[in-house]
Amino acid sequence: MEGNLTATVRSLVAKLPETAMKHWRSSLPEYLLSAKDLNSALIYLKYWALNYFVIARFMAEMDLRLGPVGSLRTLVGNPWMFTLLKVNALMRRYGRGRTGRYLESVCLALHTVVTGIIDMLRQMFYHPERMVVSEDLVPIDIIHAMGLDGYLLEGMGIILPIVDPGSATKYIDTAENEGMNPDACSLPKTTVGMVIRGHMPKGVAMLSSNLPCDAGAASYAVIQRIFDIPTYRLDVPYNFHGERAENLFMKDVKAMIAWLEEHTPGRMDWGRFRRICENRNRILELELELWDMIRLRPAPLASEAVWLSHLWNVNVTPDYEKSVRHYEKIVALARKNLESSTPATVNERYRSIVWNPPFLHFSDIFNWAERTYGLTLINDSMTYHHHIPIDTSTPETMLRGWCRTVMEGPMVRHTRGPAENYLDDIFRMVKQFDLDMVWVANHVGCKGGQAMNGILREKCREMGIPLLILDYDLSDPRIVSHDNMKRQVEHFMENVMKAERLDH
Amino acid sequence: MKTADRKALKVFQELLENPVNRLVEQAAGDGRIPLGYSCSFVPEPLLMADRLFPVRLHATGIAGTEIADNYLSSLVCSYTRSILEFAFDDRYDLLQGWVFVPSCAHMQRLQDNLEYLKKPGFVHTIDVPRKVSEATLDWMEEELHMLSDRLASHFQVDMGPDSLDKAIASWNEYAETVKAVGELRKRPDPPLTGTEFHAMLMASLASPKDLIMPEIRAFRDEVEQQGDITGHRARLMVVGGHLHDPDFIRVIESQGGLVVADRFCTGSIPGLMPVETNGRGPVRALAEHAFRKTLCPRMMEDFDRRLQSVIDIVREYNVDGVVIEVIKFCDLWGVDSMPLVTALRDKGIPVLKLEREYRLGGEGQLRTRVQAFLESMGR
Numbered sequence: 001m002e003g004n005l006t007a008t009v010r011s012l013v014a015k016l017p018e019t020a021m022k023h024w025r026s027s028l029p030e031y032l033l034s035a036k037d038l039n040s041a042l043i044y045l046k047y048w049a050l051n052y053f054v055i056a057r058f059m060a061e062m063d064l065r066l067g068p069v070g071s072l073r074t075l076v077g078n079p080w081m082f083t084l085l086k087v088n089a090l091m092r093r094y095g096r097g098r099t100g101r102y103l104e105s106v107c108l109a110l111h112t113v114v115t116g117i118i119d120m121l122r123q124m125f126y127h128p129e130r131m132v133v134s135e136d137l138v139p140i141d142i143i144h145a146m147g148l149d150g151y152l153l154e155g156m157g158i159i160l161p162i163v164d165p166g167s168a169t170k171y172i173d174t175a176e177n178e179g180m181n182p183d184a185c186s187l188p189k190t191t192v193g194m195v196i197r198g199h200m201p202k203g204v205a206m207l208s209s210n211l212p213c214d215a216g217a218a219s220y221a222v223i224q225r226i227f228d229i230p231t232y233r234l235d236v237p238y239n240f241h242g243e244r245a246e247n248l249f250m251k252d253v254k255a256m257i258a259w260l261e262e263h264t265p266g267r268m269d270w271g272r273f274r275r276i277c278e279n280r281n282r283i284l285e286l287e288l289e290l291w292d293m294i295r296l297r298p299a300p301l302a303s304e305a306v307w308l309s310h311l312w313n314v315n316v317t318p319d320y321e322k323s324v325r326h327y328e329k330i331v332a333l334a335r336k337n338l339e340s341s342t343p344a345t346v347n348e349r350y351r352s353i354v355w356n357p358p359f360l361h362f363s364d365i366f367n368w369a370e371r372t373y374g375l376t377l378i379n380d381s382m383t384y385h386h387h388i389p390i391d392t393s394t395p396e397t398m399l400r401g402w403c404r405t406v407m408e409g410p411m412v413r414h415t416r417g418p419a420e421n422y423l424d425d426i427f428r429m430v431k432q433f434d435l436d437m438v439w440v441a442n443h444v445g446c447k448g449g450q451a452m453n454g455i456l457r458e459k460c461r462e463m464g465i466p467l468l469i470l471d472y473d474l475s476d477p478r479i480v481s482h483d484n485m486k487r488q489v490e491h492f493m494e495n496v497m498k499a500e501r502l503d504h
Numbered sequence: 001m002k003t004a005d006r007k008a009l010k011v012f013q014e015l016l017e018n019p020v021n022r023l024v025e026q027a028a029g030d031g032r033i034p035l036g037y038s039c040s041f042v043p044e045p046l047l048m049a050d051r052l053f054p055v056r057l058h059a060t061g062i063a064g065t066e067i068a069d070n071y072l073s074s075l076v077c078s079y080t081r082s083i084l085e086f087a088f089d090d091r092y093d094l095l096q097g098w099v100f101v102p103s104c105a106h107m108q109r110l111q112d113n114l115e116y117l118k119k120p121g122f123v124h125t126i127d128v129p130r131k132v133s134e135a136t137l138d139w140m141e142e143e144l145h146m147l148s149d150r151l152a153s154h155f156q157v158d159m160g161p162d163s164l165d166k167a168i169a170s171w172n173e174y175a176e177t178v179k180a181v182g183e184l185r186k187r188p189d190p191p192l193t194g195t196e197f198h199a200m201l202m203a204s205l206a207s208p209k210d211l212i213m214p215e216i217r218a219f220r221d222e223v224e225q226q227g228d229i230t231g232h233r234a235r236l237m238v239v240g241g242h243l244h245d246p247d248f249i250r251v252i253e254s255q256g257g258l259v260v261a262d263r264f265c266t267g268s269i270p271g272l273m274p275v276e277t278n279g280r281g282p283v284r285a286l287a288e289h290a291f292r293k294t295l296c297p298r299m300m301e302d303f304d305r306r307l308q309s310v311i312d313i314v315r316e317y318n319v320d321g322v323v324i325e326v327i328k329f330c331d332l333w334g335v336d337s338m339p340l341v342t343a344l345r346d347k348g349i350p351v352l353k354l355e356r357e358y359r360l361g362g363e364g365q366l367r368t369r370v371q372a373f374l375e376s377m378g379r
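Quick note, the sequences are listed as chains A and B, same order.
Letter 126 of the first sequence, counting from 1, is numbered 126 in this note's numbering, and no numbers are missing.
Letter 166 of the second sequence, counting from 1, is numbered 166 in this note's numbering, and no numbers are missing.
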């Protein structure tokens, strides 16, 4: 026992310089000392302060609303909330080497996520009686249109490893120890682990679907047995193109609305749904404008400004006015850069997309690639879509348009139907965004994606498109380390692209 | 455990040696049309109309999947990789068509890769919904009509109601015969082993039904004439996904665990319940039948039915313990077995969960696991 304690202390002491360096490199003083210009330092300082301010304000508000004991109990019951305090360290990683409007757009994207999470926590802690939990590919628009609050169960499984790379591992271990197959995708494992540990709001009802993959859909049988709450499951047809599929899915969604009215205090408000659809349409318009601008070489904005904006504002909070305002600001920043011929990065040498979800536990790999090789991430498969505006003239047209949006959504479109659904979008993006290469985020748990690599490799070879299949695990950095991921990029950039390093 | 040496069993084993066996060759030689399929949601009777006959895709005897791994990756279920490997080796070339269901991501991508690499003349996907309601039943009926129309026009076969009624009657007769043999396992000392029953069932799924029926009847007669199997340590049920190789059951039984019930994709429970023609047309009857007789974790809102069916079968067949077999990388069974194991143990039913590859490997390890399981039950 004594020996163990001594060994632990020794190990901590040995790691002290490394830990201190890690904290220093994430700190505000380090940024201010290394800032490239005063304007960038002020931008960073502003968002650093804003992030902490909204978090501190929420903590104070929670103290008032729930009382000190209730507040403490909430924090103890949801320890993952402490991970969110590390958000400025993430901003530091995202901000490295970036300046001006590009830096501002990245900081803004992250700040919007912070405020969005706090809104979600408010709903979760203050109004549990009207909380409906849902699977991440069932958009919460209808829940909100019914005057209810929604919580995406996979949400924290996505956000936590982005903020702190190792933060999902304990949940993954919990799920595996309870019998979940270790080879399943680590996102449903994280979700199930959080549910088992009681770190998720239970809600009064649950919505899930057959999306996006087998493990994700099957995990809801586990979650339902633990939560023991009424559950409705949407079934998106495999052949989702065409009116026949739309009609079937619409029937399903109508049945879901009736079911929610029966099992929750919510009532469908078509006026509110119209405003939500109008917000979606406005975001769509702005996003397409942004894509038109980033098509140009060099791109006026890139990376987190594009993918993180979409991930949060389109998938999680599309109905919020805040999300519309966020996109307006992002588009304005891109436009200003374009008008003043200011590229996002002065060294844009290569342009790429990442296919599959961005590397959650190492999402700043793009920042590293940008500084090391001048490689700019233009877009990704989770962001790219073919949505058309929703016709808001009648409830029927709104619902049809909304259903089409869900069926054409990220990971829905690419995980069903024939291989063309998957391949054609990649090659279309190569042309549309004038790309030099394609990166595939080859998540070991994604069987549907793994099984497409052979065809994709041959097609890319035929078309002369350099392809990097980067092996990793979505949420678990123990499977493939950050160093290993960097090495894979280095081998590709140096051997295939014959790229010169910029950091020499 | 005392078992009999049966002549008919050797016939079934021989028929399973090749994915396209001599009965398939014989039927094809007579101008009939073999169609391959891989999922229990594909209604066999529909593929038995007129000159058509179904062949369950299997790859027993596969030695390795090196080429398929290049396309499907080694992280995909070994059943789909084995099928693709055999397709590369032209082992299914006699098949004139393939009928798929997007049962899971693996199966979807098997179809994608097969179409890309082999470009078969006829491939069809039945878009089977993942939950059952009046709307999805209508959808399923339409899907089967679409398949039926394509088969009629592509192969110039009669897919009319009379032809389908005849195919259904023929399938029902086959199912009743096999089911009756299977039900002999309800006896305290059954006259046949699980290995024998599974060899017969798999051979029948991989052969034209009319040509194998005489062999099934001969086997039944042989079983009825010979004595019961005695000396088994426990009565087991096997639950899971695709299980094709009877040798997997043989290894379990070699330790004294007699397999008396098979609730897996290629098992008889409840897959052999008869098609009920309900006056709403044969296609509708097949759509309803497909949902009723298939218990698969791909189906949402169906966990309780799946669980209850295991509990009911445990009682009906007097089962002492349940073996859940999951092919490595199968997410559907991998995740679904998690609450299934817990729920069964809560009911006091001993459960052994085995992760395995499609082809039989690690025989010694399997024996040890089964032996330990039987001992843990005090047997």
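Derived by calculation from the structure, the hints in this document are not laboratory data.
Among the hints, erroneous ones may be present.
With a straight-line Cα cutoff of 27 angstroms, these simulated DSSO-like cross-link-like pairs (lysine-lysine) come out [claimed, not checked]: (1) A/Lys202 with B/Lys293; (2) B/Lys293 with A/Lys251; (3) B/Lys119 with A/Lys459; (4) B/Lys10 with B/Lys186; (5) B/Lys131 with A/Lys202; (6) B/Lys328 with B/Lys131; (7) A/Lys86 with A/Lys202; (8) B/Lys293 with B/Lys179; (9) A/Lys431 with A/Lys22; (10) B/Lys186 with B/Lys166; (11) A/Lys329 with A/Lys254; (12) A/Lys459 with B/Lys118; (13) A/Lys86 with A/Lys22; (14) A/Lys36 with A/Lys486; (15) A/Lys22 with A/Lys170; (16) A/Lys46 with A/Lys329; (17) A/Lys202 with A/Lys254; (18) A/Lys431 with A/Lys498; (19) A/Lys170 with B/Lys328; (20) B/Lys131 with A/Lys251; (21) B/Lys179 with A/Lys254.
It should be emphasised that the depicted structure is a prediction, and the values quoted were computed from it without experimental measurement.
Structure-based check of each hint:
1. A/Lys202 with B/Lys293: violated, 34 angstroms
2. B/Lys293 with A/Lys251: The hint holds at about 25 angstroms.
3. B/Lys119 with A/Lys459: holds, 16 angstroms
4. B/Lys10 with B/Lys186: holds, 24 angstroms
5. B/Lys131 with A/Lys202: Distance ~24 angstroms between B/Lys131 and A/Lys202 Cα, so the pair holds.
6. B/Lys328 with B/Lys131: Measuring from Cα to Cα gives roughly 25 angstroms; hence the hint holds.
7. A/Lys86 with A/Lys202: Satisfied, since the Cα-Cα distance of roughly 26 angstroms is no more than 27 angstroms.
8. B/Lys293 with B/Lys179: Distance ~13 angstroms between B/Lys293 and B/Lys179 Cα, so the pair holds.
9. A/Lys431 with A/Lys22: violated, 40 angstroms
10. B/Lys186 with B/Lys166: violated, 31 angstroms
11. A/Lys329 with A/Lys254: violated, 35 angstroms
12. A/Lys459 with B/Lys118: Given pair A/Lys459, B/Lys118 holds - Cα atoms ~16 angstroms apart, limit 27 angstroms.
13. A/Lys86 with A/Lys22: Cα-Cα ~12 angstroms, so holds.
14. A/Lys36 with A/Lys486: holds, 25 angstroms
15. A/Lys22 with A/Lys170: Distance of about 22 angstroms is within 27 angstroms: holds.
16. A/Lys46 with A/Lys329: holds, 16 angstroms
17. A/Lys202 with A/Lys254: holds, 24 angstroms
18. A/Lys431 with A/Lys498: holds, 22 angstroms
19. A/Lys170 with B/Lys328: It holds: about 23 angstroms lies between the C-alpha atoms, which stays within 27 angstroms.
20. B/Lys131 with A/Lys251: At roughly 13 angstroms apart (the allowed maximum being 27 angstroms), A/Lys251 and B/Lys131 satisfy the hint.
21. B/Lys179 with A/Lys254: violated, 41 angstroms
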